[in-house]
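Undergrad: Here is how the chains run, residue by residue.
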Amino acid sequence: MYDANKIIPGLIIFALFMTFPFWYNLGAEAYSTPELELPEDYERCIESTEFMRAEHMNMLDEWRDLYVREGYQEYWSELKQESYPMSLTKTCMYCHSDKEEFCDRCHNATAVDPYCWDCHIEP
Amino acid sequence: MKAIYSLILVVALILIAMIGAGAMGMGALFGVIIPYVAVLVFIVGFVVRVVQWGKTPVPFRIPTTCGQARKSLPMFKDKWNRLDNPGTKLGVVGRMFFEVFLFRSLFRNTKVELHQGPHIAYSSSKWLWIFALIFHYTFLVIFLRHMRFFTEPVPEIFVTMDHMDSMFQILSPALYLSSVLILVALGYLLLRRLLVPTVRYISQPADYFPLFLIIGIVISGMLMRYIGAFKTDLMPVKELAMGLVQFSPTVPEGIGTTFFVHLFLVSVLLIYFPFSKLMHLGGVFLSPTRNLPNDSREKHHENPWNYPVKFHSYQSYEDENRAVMVESGLPVEKPLEEKAEEASGDETPDENAEKKE
Ligand code: HEM
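Chains H and Z, in that order, are what the protein sequence lines are. Residue numbering for the first sequence is 1 to 123, as defined by this note's numbering. Residue numbering for the second sequence is 1001 to 1357, as defined by this note's numbering.
FYI, nobody ran anything at the bench for these hints, they're computed from the structure. In this text the structure is predicted, and so the values were computed from the model without any measurement. Among these hints, one or two may not hold up.
[What the hints assert, rightly or not] The calculated lysine-lysine pairs, modelled on DSS-like cross-linking and capped at a C-alpha distance of 27 angstroms, are:
{"#": "1", "chain 1": "Z", "residue 1": "K1111", "chain 2": "Z", "residue 2": "K1277"}
{"#": "2", "chain 1": "Z", "residue 1": "K1277", "chain 2": "H", "residue 2": "K6"}
{"#": "3", "chain 1": "Z", "residue 1": "K1111", "chain 2": "Z", "residue 2": "K1126"}
{"#": "4", "chain 1": "Z", "residue 1": "K1334", "chain 2": "Z", "residue 2": "K1055"}
{"#": "5", "chain 1": "H", "residue 1": "K6", "chain 2": "Z", "residue 2": "K1089"}
{"#": "6", "chain 1": "H", "residue 1": "K90", "chain 2": "H", "residue 2": "K80"}
{"#": "7", "chain 1": "H", "residue 1": "K6", "chain 2": "Z", "residue 2": "K1111"}
{"#": "8", "chain 1": "Z", "residue 1": "K1299", "chain 2": "Z", "residue 2": "K1310"}
{"#": "9", "chain 1": "H", "residue 1": "K6", "chain 2": "Z", "residue 2": "K1055"}
{"#": "10", "chain 1": "Z", "residue 1": "K1089", "chain 2": "Z", "residue 2": "K1299"}
{"#": "11", "chain 1": "Z", "residue 1": "K1055", "chain 2": "Z", "residue 2": "K1089"}
Bound-form chain Z, shown alone (with noise of 0.2 angstroms):
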C-alpha cells in the first residue's frame, strides 16, 4: 500500500507538469519559476539542515565495535584498528574516505540466517552495497554530462564523459551506459524492498517516494532521448537552460512536453530533498560514529553543552544525611560528627567495626 500511494503521488506530479506545461501551456511556471524556486530552497534547505546539525553538541566519542580499543591491551595490535576504530585524525579521514566514496559500512553488510536447527549464521551480502554504488557512481555521472546543457563552451570534461559513456556505440543518439546501470540499480533497491519481508516491513512511504521519483526522471530522461514520440528538439532546451543560469529566463517554442515532465520531477527532487532522508548526502559527513577519532582514552573530553557538570558526590550525600543515616543503622564511611574528629587521624579496621555495631 506505502509504496503504491507514493506512486500515485509520483504518477500525480507527471500528470501535473502534462496538463500545465503541456495542455495548458504554462512553460513560464514549470520552465522557468518553479525551477528558480527548487534550486533556492535545495541550497538554502540544506545550508539550514546542516547548520542546525552543527549546532546539536557534539557527543562522547563512539568506539564502534569493529575494532578492538586502541592500546588497551599490548596483544591488541594498533595496525589492526588503524581504519576501524583510529586514534588519529590521519586514521578518521581515511575511514571517512572510504565511508563516502566507498560506502564501506555497507559493505559490512551482513545477512542472518536461520539453519536447520537453531543454528543462526551470518554471512555476508554485497548487493545492496554494490547497487547502491553503481547507483549513486552513475547519479554523479548523468548529473555531470548533464551540464553540457548549462555552459557554453562545454569543457572538454564533461564531453570526455560523454564519449566513454556512449563508447559502445549502439543506437543513434548512442545509448549511455550510465543511464541502463542506473535503471538496472534503481530496480533492485525498489525490488529489495518490496521483495524481502523484512525490509519491506520497515519501508515507508519515504522510502519508495524518492525512488519512484527517480526512476520517474530517468525514464522520461530516457524516452526524451531514445524514443520517436517523446523526442525533443535539444536546442531550445539548451536555450532555456542558459537562460536559467544567465538570469535572462527564455521559453522558447518547440520544447516538447515530455523535457518539462523531466525538469518538474526534478524541481520536486530538489524541494523535497531537504527535507527528507536524502539529506544523508550531508549527513554522511556529520556522522559521529564515522568522524570521531576514538581517543577517549588519550585525551581528556569535557562535555560541551553544560560543562562544569554540577555534581554531588557521596561524600556530601553522607555528610547530609549522616545522622539519619546511623540512626537507622547503614553504615557509613565516616562516623558522626562528635567522634569525627578522632577518627580524621589513623583509623584502624578495627575501630570501624566497633563504630558500626
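Chain H on its own, in the form it takes in the complex (with noise of 0.2 angstroms):
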C-alpha cells in the first residue's frame, strides 16, 4: 500500500469515532431503565401510563398555552372521570411529589433537561 503511514493513523481514528460507543462504555455497568418511585396513594395517572409516557411533555405545552393564553384552567380526564387543575406543579408535582426519584429519573438517562424548573417551583 502506499502511503500507508497516513492511511492507516486515518483509518484507525475512522475507526474509533465509529465505535465511539462500544468503547466509551466499556466497564461501566450494564445499563437498565431506571426504577421510578411511583405515588402510593394513587393507582393511576390522569391518562394512560402509556399515553403518559410518550406524550406528557406535549400535554404539558398544552397546558400551558390554554392556560396562560386562553384561559382554561380544569382539565377533564376521560380516563379518570375526574378534572384536574392544569397545573405543573399543583397537579403533577402534587402526585409526583419527588422530581429527583421520578421525572429525573428518566430525564438524565435521556439527557432531556426540561427548562420549566427555571422559573417553576421544584416541590
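Starting from the two chains in their separate frames, assemble the complex, guided by the hints.
TA: Structure follows, in C-alpha cells:
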C-alpha cells in the first residue's frame, strides 16, 4: 500500500470514532432502565401510562398555552372521569412529589433537561 | 423515472420494516441482528475500500489550474498560490483543511450563462456550496446528539449540544434547529437534481437513492419526536441501544414501529455506504488533486509502479535501422558504420550536408 504511514492512522481514527459508544461504555455496569418512585396513594396517572410516557411533554405544553393564553383552568380526564387543575406544580408534582426520584430519573437517562424549572418551583 | 425508482425503493424499505417489525413482531431481527450486521459491513467495507485505493499507485503531481506553477516566472508571486497550488506540505495541509471542513472546491462552483448574442459568462454560484455545508454539518450534529442513546452517563458535551440545538424552546419536546435545517438542505439538494435540466440529465438512481433514504431517516426521526401517533417512549429505546453497544442485546416491550423504521433505514444506509458514492467521506482525503504538493520542479519523482521504465531512445532506434533508413533516403544523425568512426570526431555542418546527399 502506498502512503500507509498516513492512511493507516487515518483508518484507525475513523474506526475509533465510529465505534465510540462501544468502547466508551466498556467496564460500565450493564444499563437498565431506571426505577421510578411511583405515588403510593394513587393507582393511575391522569391518563393511561403509555400515553403519559410518550405524551406528557406535549400535554404540559398544551396546558401551558391553554392556561396562560386561553384562560382555561381545568383538565377533564376521560380516563378517570375527574377534572384536574392545569398546573405543573399543583397537579403533576402533587402526586409525583419527589422530582428527583421520578421526572429526573428518566430525563437524566435520555439527557433531557426541561427548562421549566428555571421559573416553576420544584416541590 | 430514475427518481421515482429510488423513491419506490425507499418506500419499499419502509414497508418492510413496518411489516417485519411492526406487524410480524420481528423485533430481534430489526432491532439487533440487522443493526449489528450494518455496523460491521460499514466499518469493514469502508476500511477495505480505502485500502484498495491505497494500493493504487499515486499519480504524478497534478498541478491544478487554480494557481500558476510556483516559481515558474518571477512575475508569479508565490503568495498567490500558497493554498491553490501549494508546493509545501504545510500548504497542502491548509488546502486539505479548507477542502474537508469548508468544501472549498464547491465554493469555487461557477455557473455558465449564455447572454444575448453568443456571449458566455461565468458567474459564481454559491447555493450548492451553502446547502451542502448546512447538510453535512447538521448531519454531524444530529449524529453526535444521538450519542445520548448510546452512552451512560451521557457526556456533558452532548447535553450542551442538545441545549444549543433546542435554544429557541419552540414546542415540547423542544424543536431542534438541526432537524429543520437538514430538511431544508435536503430539499434543496433534491430539487436541484429534479428541476435543473443539466443536473437532472446526469442524475442516476445512485444519486436519488441516498437522498431519499436520508430524507426518510430524518422524517421518521422527526415524526417519532413530534407527532402524536408516531411517538415512542424513549426509555425502552435507550435500553435497546445500550444493549447493542454493551453486547447484551435486548428488545424491550413498548417500542413503537416508527423507531424500527428509523433504525432499519439507518442500517440500510450503513450497509449501502461502502459500495456507493457516499464513500467520498473517505475519498476526499485521497483526492490526488488536493493532497499532493505541486513540487514536480523541485523534487525528482519516480513513478512507483514500474520503475525503472524500459525505454527505447532515438539513438538506439537509429542504430538498429540505420542501414534501412539511409537506403530509403531518410536523414540520420550518425552516418553508416564505415564512416561512423570519422564522424565521431569533429563534425562540421558541411560534412553532414554532404552525407545526406
Ligand atoms: C445517521 C444516522 C441517523 C440520523 C441521520 C438520524 C436522524 C434523526 C433525526 C433528524 C431525528 C429527529 C430529532 C433529532 O434531531 O434528534 C431523529 C430522532 C430519533 N432517532 Fe435518529 N438518526 C440516526 C440514527 C439513529 C439510530 C442508530 C437510532 C437508534 C437508537 C436512532 C434513534 C432515534 C430516536 C429514538 C429518535 C427520537 C428522538 C426523540 O424523540 O427525542 N437514530 N433521528
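Undergrad: Each of the hints needs a verdict: does it hold here or not?
TA: Consistency of the hints with the structure:
1. Annotation: proposed proximity of K1111 (chain Z) to K1277 (chain Z) holds, straight-line Cα distance about 24 angstroms (limit 27 angstroms).
2. For the proposed pair K1277 (chain Z) and K6 (chain H), the alpha carbon gap of about 22 angstroms is at most 27 angstroms, so the pair holds.
3. About 9 angstroms separates the Cα atoms of K1111 (chain Z) and K1126 (chain Z), which keeps this hinted pair within 27 angstroms; it holds.
4. Annotation: proposed proximity of K1334 (chain Z) to K1055 (chain Z) is violated, straight-line Cα distance about 45 angstroms (limit 27 angstroms).
5. The suggested pairing of K6 (chain H) with K1089 (chain Z) holds, with an alpha-carbon distance near 13 angstroms, which does not exceed 27 angstroms.
6. A hinted pair counts as satisfied when its Cα atoms are at most 27 angstroms apart, and K90 (chain H) with K80 (chain H) qualifies at roughly 18 angstroms.
7. Taking the CA atoms of K6 (chain H) and K1111 (chain Z), the gap is about 36 angstroms. The hint is violated against a cut of 27 angstroms.
8. Pair hint K1299 (chain Z) plus K1310 (chain Z) holds up; C-alpha atoms about 22 angstroms apart against a cutoff of 27 angstroms.
9. Between K6 (chain H) and K1055 (chain Z) the alpha-carbon distance is near 13 angstroms, which keeps this suggested pair within the 27 angstroms criterion.
10. The hinted pair formed by K1089 (chain Z) and K1299 (chain Z) meets the criterion: a straight-line CA distance of about 13 angstroms does not exceed 27 angstroms.
11. Using a Cα cut-off of 27 angstroms, the hinted pair K1055 (chain Z) and K1089 (chain Z) holds, with the two alpha carbons roughly 22 angstroms apart.
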